[in-house]
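Peer 1: So the protein lines, in turn, are chains A and B.
So the first sequence is numbered by this note's numbering: it starts at 755 and just counts up by one.
So the second sequence is numbered by this note's numbering: it starts at -5 and just counts up by one.
Derived from the structure by calculation, the hints contain no laboratory data.
We put the CB at the ideal spot given by N, CA and C, even for glycine.
Hints are supplied without guarantee of correctness; some may be wrong.
What the hints assert, rightly or not - Using 20 Å as the maximum straight-line C-alpha spacing, the simulated SDA-like pairs for lysine to any residue come out as follows:
hint	chain 1	residue 1	chain 2	residue 2
1	B	Lys143	A	His767
2	A	Lys834	B	Gly453
3	B	Lys188	B	Val139
To be verified - Have a look at the derived ranges for each label pair, beta carbon to beta carbon:
hint	chain 1	residue 1	chain 2	residue 2	range
4	A	Lys1086	B	Thr41	29 to 39 Å
5	A	Asn1020	B	Asp454	21 to 31 Å
6	B	Ser332	A	Glu868	15 to 25 Å
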Amino acid sequence: MTYFIDRRPNAKHKSAVNRQRFLERYRKHIKRSVEEAVNRRSITDMERGEKISIPTKDISEPVFQHGPGGARNIVSPGNKEFLEGDKIRRPGGQGDGGGAGEGGASDQGEGADEFAFTLSREEFLEFVFDGLELPHLQRKPLKSLEEIKMVRAGLARDGVPSRISITRSMREAYARRIAMRAPIKRALKEAQEALAAEERKDPVLRNPARITELKAEIERLAKRIEAVPFIDTYDLRYHQLAAQPQPSSQAVMFCVMDVSGSMTQNHKDIAKRFFLLLYLFLEKHYEKVELVFVRHHTAAREVSEEEFFYSRETGGTIVSSALTLVDKIIEKRYPAGQWNLYVAQASDGDNWDDDSNICRDLLAKQLMPQLQYYAYVEITPHEHQSLWHEYEAVAAQFPERFAMRQIVDAGDIYPVFRELFKRRLSQTR
Amino acid sequence: MSVARKPIATGSDWNFSVLERFDEELARLADEYRLDTYPNQIEVITTEQMMDAYASVGMPVGYHHWSFGKQFLAVEQAYKRGQMGLAYELVINSNPCIAYLMEENTLMMQVLVIAHACYGHNSFFKGNYLFRTWTDAESIVDYLVFARKYIAQCEERHGVHAVEQLLDACHALQNYGVDRYKRPSPISAEEEAKRQEEREAYLQTQVNMLWRTIPESSAGASVLPGSLHSDEDPLGLHSGGSYPPEPQENLLYFIEKNAPLLAPWQREIVRIVRKLAQYFYPQRQTQVMNEGWACFWHYTLMNRLYDEGKVDEGLMLEFLQSHAAVINQPGFDSPHYSGLNPYALGFAIFMDIKRICESPTDEDREWFPDIAGSPWRETLEFAMRNFKDESFIQQFLSPKVMRDLKLFLIVDDDQTDMLEVAAIHDDRGYRRVREALANQYALSVREPNIQVVEAAIRGDRSLTLHHVQDNRRPLGRSVYPVIRHLQQLWGFPVHLVSMEEGRVTRRYHWPIEDDNSDASQ
Chain A
755 MTYFIDRRPN AKHKSAVNRQ RFLERYRKHI KRSVEEAVNR RSITDMERGE KISIPTKDIS
815 EPVFQHGPGG ARNIVSPGNK EFLEGDKIRR PGGQGDGGGA GEGGASDQGE GADEFAFTLS
875 REEFLEFVFD GLELPHLQRK PLKSLEEIKM VRAGLARDGV PSRISITRSM REAYARRIAM
935 RAPIKRALKE AQEALAAEER KDPVLRNPAR ITELKAEIER LAKRIEAVPF IDTYDLRYHQ
995 LAAQPQPSSQ AVMFCVMDVS GSMTQNHKDI AKRFFLLLYL FLEKHYEKVE LVFVRHHTAA
1055 REVSEEEFFY SRETGGTIVS SALTLVDKII EKRYPAGQWN LYVAQASDGD NWDDDSNICR
1115 DLLAKQLMPQ LQYYAYVEIT PHEHQSLWHE YEAVAAQFPE RFAMRQIVDA GDIYPVFREL
1175 FKRRLSQTR
Chain B
-5 MSVARKPIAT GSDWNFSVLE RFDEELARLA DEYRLDTYPN QIEVITTEQM MDAYASVGMP
55 VGYHHWSFGK QFLAVEQAYK RGQMGLAYEL VINSNPCIAY LMEENTLMMQ VLVIAHACYG
115 HNSFFKGNYL FRTWTDAESI VDYLVFARKY IAQCEERHGV HAVEQLLDAC HALQNYGVDR
175 YKRPSPISAE EEAKRQEERE AYLQTQVNML WRTIPESSAG ASVLPGSLHS DEDPLGLHSG
235 GSYPPEPQEN LLYFIEKNAP LLAPWQREIV RIVRKLAQYF YPQRQTQVMN EGWACFWHYT
295 LMNRLYDEGK VDEGLMLEFL QSHAAVINQP GFDSPHYSGL NPYALGFAIF MDIKRICESP
355 TDEDREWFPD IAGSPWRETL EFAMRNFKDE SFIQQFLSPK VMRDLKLFLI VDDDQTDMLE
415 VAAIHDDRGY RRVREALANQ YALSVREPNI QVVEAAIRGD RSLTLHHVQD NRRPLGRSVY
475 PVIRHLQQLW GFPVHLVSME EGRVTRRYHW PIEDDNSDAS Q
């Protein structure tokens, strides 16, 4: 007795719960691997999974086993040369390598290798954002720069000759011709009938004057019919274009970071998370996101991502140098009319004292009018310095588009974003 | 033999109606060979579903635990990197006998798998004494459903973490959760659920009874209300003597019945793990026989199909190729060697039994006077029904198979510098090789022999176990994590003593004691 059942349509992912349990249990290990991966990878390269390795001994499921040592008998196949009583050197030296190979049992127990598996993209991101206490990222509408795009919008009576709609114009003309000729034709017909009736009369009774009159009338009407123009200016129809505002689909994100001596690698790692978060968010919103890395100490320079995060510099700090550079880059490469401009700045709050008010002026007058958003994070547990206070003034001036936060550790990063989303959301309503 | 070939189907594509027709033919042939099987339930599944099935040890339903997730990730990783092909089939000892077939399999593979699993393994499950004794094919799926529900309920009530910890501890001991001598009674899930409630109440009274004696001897312990009725002391604990009166090999059973602090639901979970371990217990002891038997039958049935012209030459060639791969046994020095292949060994022995029955040589008559020349089908059935790997090899491994596989015995003694070849496949060595190989499959040799010898019910409530050592083989490093788990279940200190020939060789304690002198109490 046999039953065949096609189970293929059944649910897959039967192991999903167990998989989650496993990930949960080894959260610490996995997080460490993910953190390493985040530091290693480029910001633009976060949207894929990651291979994770955990030392086998950390995840073993212990059972009572025989350890190495003592005397054991091993039966193996494939004897070619041995005779009873032969002595053989131990393979693999004298270490604690177990017996000559007790089959499957021993290489599971003490193996030094790693348990490797692959995190899916979603799981990877979840771990990336784990320390950030991030709720589910939702696509919320950001107000974007609006670009005017012309779209076809029906027909109009006026326009340029190149946009004439010939079929519609001809149709209008045809209708007009019918309309204009109809009363004349009717009058013509009447005149002809009257003339015919007159001519059918007895020659004695004919009124020659009337006949002449009618003939003249007929001739005049025929001329009028011919005079109706085949096409007239007001027959013409033009394709119409309407100006429609379109959200721009490209954005550029400037990452600005202080790389003076006071910024440690730890600061930079936190900053990287912050930039990463903003990037992921923008990436969800725009079709194309470009990244520009600007780092500065006393002078600013545009650099590659690698250099941005990992090379060290020393020296003082002049923030305005970076802002000036950003402004120049915008002017040269990212005209504000075509790009959504975002600036994210990370710093430990240090700045050359006289420079801070320059920064404020630069921001308030030059940059802010062009930018969609400016996010500033200060990674420091210490007192705020002049830069923060000057920025507070800017924030007061542009409450919609300027966010600033102090970050002590990675967990503080998220509130900056929450603020960003919330405000934007209420604005669009 | 020249037969007009009327193959049921050709090519490598299959569909359900073709499979059904093949199954009819196989069923007819199996019937001719008097193979006694459960009804078959053949389920076609996808690769992913096969990985799921792998991860849950083939159980169609299982409770949730991280270790199954680990298993799944390991399988997935190995499969994706192409290090491992998935099994073509997976079969579950249940009634009806559930077999999973992968949709990717070719027509030949599906037919092979049906022959192998649905007639080979199936008849083994139904016939072999270990399966008949230890498992109950009727109720296993029900029981799994019950277990899953119960554990999910516990997770809801007591938290996932608490349940997980308990399961970790139980899993560490699951190889020691088998009653080797008593036969369990089969019951259905409904009954199980009903009984489980009664048991909860009853078990607790049992435990209380056992521990009730404590106040008498240890002054500080809390006195249970209404205790000290010595006429209610069926265990005779007041009269002295140690508990348990005899060493207990079933550690999980002992824990379930005697651990003083476990809550009723915890005892039930211990029981679930124990029951499932018991279900898998025969499989661990009959791998060679089970696979050998299934290979023997797929080989026999496929050849019959060919002889009757039901399959074409192409399919048969494909079959022979994959059959050869399955029963391939690389030599010990081959880079592909990973121990003895149970398929190869089992298949060789069963084929050889048939040969001994049909055309015995003088050697066979000397070695197997009982079966040489006997009807092969009956002899094979007898061998399948009444043995496990250990005794099967001891009984039926013939000199010819030893010669074919070129088996040899090495003694690896850590007190000597060199390995010694103790016996090879010659007249002087056959019996030693066979004996050693049989031992290699004996669970009692493969796994350390550990038993509970005393629960100090009048003292500090500590639990003492003995490890009976043989050939100076010590316990592996995993012993500490395991006794830590044991201690978590028991709730009081655990001592494990390794003994060889009555002499203590090593002591393990959890919690680890500061004192190294280890004076026994």
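Peer 1: All the hints need checking, so say for each whether the structure fits it.
Peer 2: Each hint tested on the structure:
With a C-alpha separation of about 19 Å, the suggested pairing of B:Lys143 with A:His767 holds against the 20 Å cut-off. At roughly 60 Å between alpha-carbon atoms, A:Lys834 and B:Gly453 are farther apart than 20 Å, so this suggested pair is violated. Taking the CA atoms of B:Lys188 and B:Val139, the gap is near 14 Å; set against the 20 Å cutoff, the hint holds. The given range of 29 to 39 Å is broken by A:Lys1086 and B:Thr41, whose C-beta atoms sit roughly 53 Å from each other.
In this structure, A:Asn1020 and B:Asp454 break the distance hint of 21 to 31 Å, their C-beta atoms being roughly 50 Å apart. Range check, B:Ser332 to A:Glu868: about 20 Å between beta-carbon atoms, so the 15 to 25 Å window is met.
Hints 2, 4 and 5 from the earlier list are contradicted by this structure; the remaining hints agree with it.
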